[in-house]
Amino acid sequence: MASPGQFWHTDWPDLDPNALPSLPRRNRSSVSRVLFTATLLHCTALYAAPDALEQTATAVLERRCIQCHGPSTQQGQLDLSTRAGALQGGTRGPALAPGDPAGSLLVARIAAEEMPPGSPLPADERQELRKWVAAGAAWPEPIAERRAGLDWWSLQPLGNQAPPTSDSPPPDWQASAIDRWIFSGLASAGLRPAPPAGRRDLIRRASYTLIGLPPEPAQVEAFLNDASPDAYERLVDRLLASPHYGERWARHWLDLVRFAESEGFERDLPREHAWPYRDYLIRSFNDDKPYRRFAIEQLAGDVAEPVTHDSIVATTMLTLGAVDAVGLTSALADERTLIREDLLEDMLGTVTQTFLGITVNCARCHDHKFDPITQQEYYQMKAAFQAVWPPTRPHPEAGLEIYLPHGRPLLTPTEKQARDERISGIERRLEQIDSELGSLYRSAKPRNVSSDAPTPLARWTFDFDGRADFAPLHLRFVGNAEAHSGTFRKIPDRDESSDPPQADQDVPGVVPNFGVSAVIEGEIAEKTLEAWLEVDSVPEKAQTVMEIRSLSGFRGASVDGIRFVPGDSPRWENYSIGRFRSQDSGGPDEAPKPGTRVHVAISYRQDGTITVFRDGASYGKPYLPDVSVPAGRLQIYRSGDALLRFEANEHFRISEARLYDKALSGDQVASSYAAGIENFDAAQLRERMPQSKRERIATLERERERLAAELKGLPKPKLAYAAAIGPSEPTHVLLRGQVDQVGRQVNPAGLSCVQGLQADLDLSSRADEGERRLAMAEWIAHPSNPLFPRAIVNRVWQQHFGHGFVTNPSDLGFNGGQPTHPELLDWLASDFVRQGWSLKALHKRILMSRAFRQSSRFDPGAAAQDADNRLLWRFLPRRLDAESVRDSMLAVSGDLNRAFNGPSFRPFEIGEARGALKRYLLTHADTPDRRRRTVYRMNIITAGDPMLEALDCPLPAVKTPQRRSTTTALQALSLMNNAFVQQRVQGFSARLRREAPRPDGRVRRAFALAYGRSPNGHEMAASKRLVQDHGLDSLCWGLLNSSEFLYVR
Amino acid sequence: MFAKSSRRQLLLDAAGGFGWLALASMLPSGVLRSAAASPTASSVPHFKPRAKRVIQIFAVGGMSHLDTFDFKPELHQRDGKPYAMPTFFGQGGSLRACPWEFRRHGQSGLWVSSLLPHLAEQADRLTLLRSMVAKSANHMPAVAQMNTGFTLTGFPAMGSWVTYGLGTENQDLPSFVVLPDPNSHPWGGSAQWTNGFLPATVQGTALRTHSDGDPVPDLTTPDGVSATARRGAAAWLREMNRSYADAHPGDSSLKARIRSYEVAAKMQLSVPEIADLNLESEATRRLYGHGEEATQNLAKNCLLARRLVERGVRFVQIYHGGSGKSWDAHSNLVKNHEERAQEYDRPVAGLLADLQGRGLLEDTLVLGVTEFGRTPVSQGTGTGAGRDHHPSCFTCWMAGGGLSGGRAYGASDELGYRPASDPVTIYDLHATALHLLGLDHERLTFYHNGINRRLTDVHGHVVEGLIS
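Residue numbers (my numbering), protein chains in the order written: chain D, 1 to 1049; chain S, 1 to 468.
Any given hint could be a false lead.
[What the hints assert, rightly or not] Below, a list of computed lysine-lysine pairs in the DSS-like style, where the Cα atoms sit at most 25 Å apart:
id, chain 1, residue 1, chain 2, residue 2
1, D, 718, D, 416
2, D, 445, D, 693
3, D, 593, D, 621
4, D, 289, D, 844
5, D, 289, D, 718
6, D, 131, S, 48
7, D, 621, S, 81
8, D, 541, S, 325
9, D, 541, D, 621
10, S, 335, D, 541
11, S, 335, S, 81
12, D, 662, D, 621
[What the hints assert, rightly or not] Pair by pair, the computed Cβ-Cβ distance ranges are:
id, chain 1, residue 1, chain 2, residue 2, range
13, S, 465, D, 589, 25 to 33 Å
14, S, 211, D, 225, 54 to 62 Å
15, D, 188, S, 242, 31 to 39 Å
16, D, 996, S, 242, 53 to 61 Å
17, S, 81, D, 413, 37 to 45 Å
18, S, 249, D, 226, 25 to 33 Å
19, S, 311, D, 119, 34 to 42 Å
It is worth saying that the hints were derived from the structure and are not from the lab.
Just so it is clear, CB atoms sit at the ideal spot from N, CA and C, and this is done for glycine as well.
Given the sequences, and given the hints that come with them, work out the whole structure.
As structure tokens, this is what we get:
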């Protein structure tokens, strides 16, 4: 017998402490080997047998070299898996000279840190290899490649083996295919199943499994007293028909798809429109929507017929990853690209792990280390999702360098077309009206500024709209900005948050208030900005008034503008983002008085000199900005890449603004100021007109008002945080995953390793984004894709028994290991497809099995062989998950608010900002909405609930295919003292007082509600004593904290 | 008892937060073979550790290496000269000299600027890493990388990894404690100290000691519940849980649950005692700058950190700055860094001196980190000018943990723009810190969704030159 160290080394050189077997020795070569190969990655064969040099050395080769120089890859035509291969060598000649480290290329290239490329070996490993070569390079047997080939079990078509018949199970274990296989597995390990569970355990077990809530005492009693042979089956049917079933199973799904209702990263802004996806899931599970359709909707429901609001909402699955909104605006293009690639990897990882149980995302930088998936295939799959964005887009035209979470309007293509047509009809007419009104008003107004003053490129007088004179640089108003009686201003007294922008634009939910001009045609180099401002109040923060800015470059956009900077020395300044080119021109301290008018101009000369003017005179000194930029000192705005932007604010109204395409001299500014402006409001202009024109204006204004009302009255589409489709861009392989190393272009395709299904999606070269993504969705959910049903059947099994056939449910690849019962898994998968992809049918099959209905009786003998119960010699008892604990406390106390659907409840307030990060302050008010089931809690990344987290509720941003169940002191503290628990304790005792008048009855009722049973004599006595000495609350607290309440068995 | 239980459950049931590796090392060897047999189990820690615990002080926002620990005379020579380089905000500027004076300090003659006079007195205890390189120029991902090795959300923090590897040395405190800046959390918030996919036994616990309310969530018995009533109910509960556990032998977590309530009860007493800084002498509190406005917040957290590690807490993380006030000097570098340095200098120096005085520095690794440095060019001009984010070269420091101190490892180029020699990535920093704790960063792994994850991803080398 080998020493333990050697044993582990030769059989399982790398063991994950979490997945170690404790099966009997005789099984190790078969069962446990396949069970627990889960974990062969980075860890450490080599430390196992320090006395065996060759084992250490070959382990180093295996760990560091074989992936590239093994039998299947043979880079440089070198195969180091055998001694012969090493002696033969590759393109550079023999790799090994036994006994001569100095003459061995292997040793030399490692010593030179050329190999492995980019990650040189630690000194001790180098030393071991050298010693080993010096000692003759003993090489006992070929090094096996630790990776899956095309023959890996999960990639093969579903098997169709019949259930075993040879193990002569007891009669009641013969009816179900499940039981035959489970029994057979136990029998071959010399084990027997546990006896059937009692009915009390069974109803509690089925109830938690299917609906996540405890059975009512009356239901328990009815089930106990139901003598009919189908009592259990009717129980199962009732639970499957319960609307709470969808809530329970939606929560499992939310774990898989990292359901976060906030953006994460720097600011963690809330996503107000993610909850419809949760409701979509609940509905889909309750309706037993065929799983194939369910999958296709989540991948391409916006294009997969029949497109409905629900199917569009389904695509939220793609967009739930955390969004680095700030990084996406970085001026460093590579950083932006990297963040986008990270987002897509998260998307693709979620899609392939969830639906296929395969980690395609591991092939982003190199071919998959463990599964037969090439790097190119990663990019081919990514190509299908290349245009998918969260509905979180910047609005560069409005000058928003920020990404904010919003929603995608829920409009089917037909609805969208109808709506768009109606809107554009109205808008076209409004434009005509505006144009006619414009000419009417303009005709009544003197055209020239003044004979002496210089002529601007464009002028905005705000008499009645945002139209420009001299050039078609008309303003569009965004947010609460308007032209009002001859000034541009912020619309006063309007609650900004209550008026979201038009829903069918990608404008984020909170928009600053702007006037934005049309894009400027023609280059702008030298320039002057000029504005007449009406001071209403003095701002406390720097306030930009008017600016020219480039469209490209996000945060790196170029800007020049007029800005007021308060502080110790208040100034008018030239402003550039990040204060670049901004400089104090040395003008006097500025104290604008409310009720006065200020004239500010800034000129930008060819040589870069910037001059600020106030009230027609130079303000401070002209200066040359102390910078070097690609464009030189003067910022040149390219044709088609710049616009004017005015900020509407409560401090300064703009009476007139002008843009010149030359740097005005001091004299010119002075004459412009001297000529002044002539402000008209609309009424003044009308007075100058003949009657006929006035009447025409009145008619037009009436029509305008009517149309505007009609536009405003259009029902706003509902929103969801669903996939927003951006521009289609080609997908390229990124060499080593590096965003600056662009390789060949690829088109969408499936995985060629999946047997029995073509990877080619048969797409025409003209296929649009929707067709491409839909084709990918249909490939993933193809009836011949064996991964697709296997992954979901394994998950459903896992949620019934505590673990799946494969213990890593999102990895059916090499690292996930082999299934415990491969034939049964395939049988169930085939049956699932045959039953029309019905999850409820699958549930029922499992729930009706004897395997599920065995007791949780502990058997030390069986445990010594199979401590983790992988072979199912009993039903594995388990602690309730966090949501079930919370929901059960609500149910038992009678406080549960069973309202379905709708916006998430928010157990927090949003605190006053102390920086970029949203401050979510948890509060404990016991309001009705907070008594809803936990699945309706808003999943904010930084607003986790300490009690739920202590009960292993994961961070929403983490894909969690399997919950853990820890037992910690912090968990105990939460269950002891959390305000929610205290509220439920009080609710529970109030309920007992309502429902049972006498002490004995209260104790009995309390046990019935919490445990589904009566107290025994000792418990009754102890409990009555507790109530007598310390009150009914104490008993309720004890029950809600007790193991029997928190465990299901 | 362990032999009969599943190893998975052992890891999850550690009421006091044992790490798996620590647990394995505590078991008798006969038990090990069947219960926790693994190539690694027989040697925990992997190496002889030099440090047993960590205090990490995170200067949030990006402390300028050029104005604190990395003296660049060349910047003085070329002050005001244009220099083109890509930056986060995309606005180049001119090279800018450090506005503070650099001098040599201690016997080692380490260069430290006049921004940090007290810390400079500790020069002989400091090991400066002047060639740090980070991956992101953006706060949240960069802070996340320093904490978790990854720029994304959801990966376990270093404190969780260390606890997972080594477990705790105490039974009545969490083993990974976070002391946030009372003004604001760092970008990314509590996700910065998540246990990610590691079990909740190793989660970071943020102590709230600057405001009313429980320093640990749900620490105190709710108002309106009398101590006697709670004791009576707890006795009833213990009895019920014990008989339930007896009725269901073999389910080890039922016994762990009973233990967890015992530990929780101890925590209710021990945590308030630790948080009570009045138990420290006046002289000690003064050493940290406790009681003075500028230094009060960090002094409190630094002193608390010492009290925590004294009681066996494995990993304490202190934040200085957050998404509100921080070292993020885009504008007015002088004002920003003078204020931040004043807050930082005395408490941190006091902590080092205090640890030294109590003999704790020897086996406590103190890590002074920041997410990135700042650009050698200024952002903006004039008095209001700042420096932009600079991940391609910056300085972190270490002290204690068996390091000799009084030296600098790695060097930046003449402008402090890029490392000139011995670049140290964050992976390397993590690998080295783990090594000092006796952990092999390549063997500290946890399987999650297809990959055996590490703190160091697939990168990282122990910086031999730093620890030798």
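Now for the hints, and whether the structure bears them out:
Pair hint residue 718 of chain D plus residue 416 of chain D holds up; C-alpha atoms about 12 Å apart against a cutoff of 25 Å. A C-alpha spacing of about 14 Å is found between residue 445 of chain D and residue 693 of chain D, which places the hinted pair at or below 25 Å, so the restraint holds. Among the hinted pairs, residue 593 of chain D with residue 621 of chain D is consistent with the structure: their alpha-carbon atoms are about 23 Å apart, no more than 25 Å. Among the hinted pairs, residue 289 of chain D with residue 844 of chain D is consistent with the structure: their alpha-carbon atoms are about 15 Å apart, no more than 25 Å.
Taken as a hint, the residue 289 of chain D and residue 718 of chain D pair is honoured in the structure, with Cα atoms around 23 Å apart against an allowance of 25 Å. Simply put, residue 131 of chain D and residue 48 of chain S have alpha-carbon atoms about 24 Å apart, close enough for the 25 Å limit, and the pair holds. Restraint check: the Cα-Cα separation between residue 621 of chain D and residue 81 of chain S comes to about 22 Å, which is no more than 25 Å; the hinted pair holds. At roughly 17 Å between alpha-carbon atoms, residue 541 of chain D and residue 325 of chain S fall within 25 Å of each other, so this suggested pair holds.
For the hint linking residue 541 of chain D to residue 621 of chain D, the alpha-carbon distance of about 24 Å falls within 25 Å, and the restraint holds. About 18 Å separates the Cα atoms of residue 335 of chain S and residue 541 of chain D, which keeps this hinted pair within 25 Å; it holds. Between residue 335 of chain S and residue 81 of chain S the CA atoms are separated by roughly 23 Å; this keeps the pair inside 25 Å, and the hint holds. Among the hinted pairs, residue 662 of chain D with residue 621 of chain D is consistent with the structure: their alpha-carbon atoms are about 19 Å apart, no more than 25 Å.
Separation of residue 465 of chain S from residue 589 of chain D is about 56 Å and departs from the stated range, judged on CB atoms against 25 to 33 Å. Judged by the Cβ atoms, the range 54 to 62 Å given for residue 211 of chain S and residue 225 of chain D holds: they are separated by roughly 55 Å. Checking the proposed 31 to 39 Å range against residue 188 of chain D and residue 242 of chain S shows it holds: the Cβ atoms sit about 38 Å from each other. Between residue 996 of chain D and residue 242 of chain S the beta carbon distance is about 27 Å. The supplied range of 53 to 61 Å is therefore violated.
Between residue 81 of chain S and residue 413 of chain D the C-beta distance comes to about 59 Å, which lies outside the given range of 37 to 45 Å. The hinted range of 25 to 33 Å is satisfied by residue 249 of chain S and residue 226 of chain D, whose Cβ atoms lie roughly 32 Å apart. Taken as a hint, the range 34 to 42 Å holds for the pair residue 311 of chain S and residue 119 of chain D, whose Cβ atoms sit roughly 39 Å apart.
Checked against the numbered hints above, the structure breaks hints 13, 16 and 17 and satisfies the rest.
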